[in-house]
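J.: Here are the chains, one letter per residue:
There are 2 protein chains.
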Amino acid sequence: MVSQEQRENAFLWTLDALKSGDIAVPIIARDFSPEDWAFIFEGLPKDLRFELWETLSEDKKSPILAAMRDDSREQLISLLSTQNLEDLALNSSAEHLVEILDVLPNRVAKGIIKKLNPEESGLIEEALNYDDDQLGRYINHDVYTVHKSANVGDLLNELKQESLPPYTDSVLVVDDANHYLGQVDINAIFNSDTTLSLVQLAEFSDRVLAADMDLYDAAEAVKSSGRSMLPVIAKDGRLVGRFTIKDGIDVFQEFYEAQVSHMGRVSDEDLFAPVFTSARRRAVWLGINLVTAFAASIVIGVFDQVVSQVVALAVLMPIVASMGGITGSQTLTLTIRGLATGQLAKSNLRALSNKEVLVAFFNGLLWAIIVAVITSFWFSNPWLSVIIGFSLVLNMLVAAFAGIAIPVFLDRIGIDPALAGSVILTTVTDVVGFFVFLGSASLLLI
Amino acid sequence: MVSQEQRENAFLWTLDALKSGDIAVPIIARDFSPEDWAFIFEGLPKDLRFELWETLSEDKKSPILAAMRDDSREQLISLLSTQNLEDLALNSSAEHLVEILDVLPNRVAKGIIKKLNPEESGLIEEALNYDDDQLGRYINHDVYTVHKSANVGDLLNELKQESLPPYTDSVLVVDDANHYLGQVDINAIFNSDTTLSLVQLAEFSDRVLAADMDLYDAAEAVKSSGRSMLPVIAKDGRLVGRFTIKDGIDVFQEFYEAQVSHMGRVSDEDLFAPVFTSARRRAVWLGINLVTAFAASIVIGVFDQVVSQVVALAVLMPIVASMGGITGSQTLTLTIRGLATGQLAKSNLRALSNKEVLVAFFNGLLWAIIVAVITSFWFSNPWLSVIIGFSLVLNMLVAAFAGIAIPVFLDRIGIDPALAGSVILTTVTDVVGFFVFLGSASLLLI
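So the sequence lines, in the order shown, correspond to chains L and G. The first sequence runs 0 to 445 under numbering that gives the first Met the number 0. The second sequence runs 0 to 445 under numbering that gives the first Met the number 0.
None of these hints come from the bench; they were simulated from the model. Quick caveat: nothing in here was measured; it's all calculated off a predicted structure. Take these hints with a grain of salt, some might be off.
No distinction is drawn between identical chains; accordingly, a pair holds when it is met within one copy or between any pair of copies.
Said to hold, decoys possible - For lysine-lysine, the following BS3-like pairs were computed, each having C-alpha atoms within a straight-line distance of at most 25 Å:
hint: 1; residue 1: Lys-159; residue 2: Lys-147
hint: 2; residue 1: Lys-159; residue 2: Lys-113
hint: 3; residue 1: Lys-345; residue 2: Lys-45
hint: 4; residue 1: Lys-234; residue 2: Lys-45
Make the full structure from the sequences, and use the hints.
T.: Listed below in structure tokens is the structure:
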């Protein structure tokens, strides 16, 4: 086991060693887990990644690739020759291979599957039947099964030779056709008579996962089950593998990292993604932002008369828009979380709106007074103070309401609110902010 | 086990049942885990929470409270009488009780500790010795230990009566004074001679955690260890408990949820926090935002002459600021992630800056051309197109640089960049955007 500090130190050594052309790195790092290696790779500038890769032994490579974030994995694989990839595939377990094949050109992937042994290629074809948000795609095949004819004594004898894989708290009972018959808790093995048949001992509880279920739901299920693993069953009742609590952690981390990235208007990308890949992906977010920025400009353009006469309006207008933006984003963040967890439903939506609008009202009043006072000292125009105060309260109320309505609407029409919500919200708070502020000014000041 | 869908349905039933005054809810929900219950409570408007709480049996209450997010737990506890709290404490395990005591007034907490049995209050006092970001505070005491004098046969006999707790893949060997002597893997129990002493079989590996280590690092360690649990050892070598992979998931989820909340400028708060609590917390973020908004206003105020003469500047200036803001936030998001994981260090900082500035340069050029063309159609002023194009490129370059420099600087002086980074960044991109755009306009247009 490597501590976080050791891991970070190892990362720094590796970086220095590679820069100075020293290839002795892997000797230092004999105890590193695939996760530790993935960590090191992801932090290396891309020209050094391939250099380090070449020094690794063949059996380590595919677990490391599988442990990397998608983007980094893709980047590294793009540097490998077809021959390299085939060698990698032949040294790879089925579940690691599925993740690697995902990013290969179709032709290369098919060539590799052909060269595998029938059992391995069968597992892979099964996994590829499922979408990449379904559990079936990520099945862990490292599962301990026993045949239904065995009794406790047989199992105990078998366990003298063979170890249970990590995260195993039950042994799965199957028939000849690999149909799932139930699970035997490790504790039951210890406290049962050796002549007892495992089928009798097995529980066919509802503690199983369907292969076609949503991946994130599977992670939630294994987390709240109190078990280290749950069996995964196909539609026809066959046991296809298991899903462990460690697999669950990976799903949660990927989910949250994507959410954080999207909030920062960036795709979930590699620290050292190629410049053009990165520029192209980010351009999409910038383009969407430009549309919303132009929408705000058009509103200002409508009121260009009053702005040119009272230039203080141009000075103060960003305040109205940005305070609305922050208020809306606070409500939006809470609403998106509630929708994602399922804790926000039709029946408590009104209670939430009431609360959020009230919160926005009190904060609107507070900041309206403060801004109005500062404005009156700055521009000595009481009407300007009234206008900005009124606009602030109104924009913040609209922002709170939009912060609930936008994500709920997006969710209902099947668009992920975490992805599109904040762009739409900013458009609303900018447009409403400028419109109310400049519009009331054009009524009252000229 | 309850699936995500069943959980959400149960939540809706509960909500409806409570609204219609039907108290039969807990009967439907006999199989719910504490996590399931916490989920239901967090989604209820606050007046219904206490009603549901009253219907629960006493033994369920403290695990549910411990499973709730901090803010919801605090809110529910605030509704309970001292007598309620004492009953709760007497039915509570030490690790649950620590989380409950945390939010109680000191006087009440001390009163409760006094009424506990000595063993329980010892555990709690030990846990309270550690800070709330240290592992020692969250120790799981549900650990299976054996005395060093036992052999494999003794253990097997014991396991006939007593079950291993969830997430147990090793049994921990201790001496009379509860000093940690090593761990015996479950697999080793199966394949060893019954007369073999457990001390001989035990590994004293480095797979242990120190009670004073950072909680997040402990979660990373248990995740990458490949084990379901790791023993936690005090400075004097005593075994104080264990940390399971399930505990690790909780730490990760809390960490990421706080990050998402802070990006939305909201504290990690309850969906139905009281209006004034919520308003007060959010006012802090709004106040900070107001300071940055006024900074931008002051810059615009400096150039009020040119704005009143060329009102198109007022129309277009939000575009320059907001494109800079998005560019900066893209780089900031990546940098904060790199700093949080430790994958960004002195030695690869330059490589990242080079890449990010190049990405910003290409996107700056692209969008500068597009915006300049639109501007020339809108305002038929070629100088205005040149000015906005130039300002966009410059502001986006500054934004990319600031997106790295700000979080790195904050990190170095010990401030969490996820908390303060984006506010400072927005100030920079607004101020620089307005200054460059209006400044160059005042040089070239008048």
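J.: With reference to the structure, classify each hint as holding or not holding.
T.: Do the hints match the structure? See the list:
1. Lys-159 <-> Lys-147: Both: 19 Å inside a chain and 23 Å across chains, each within 25 Å.
2. Lys-159 <-> Lys-113: neither (36 Å within a copy, 49 Å between copies)
3. Lys-345 <-> Lys-45: between (48 Å within a copy, 16 Å between copies)
4. Lys-234 <-> Lys-45: neither (43 Å within a copy, 42 Å between copies)
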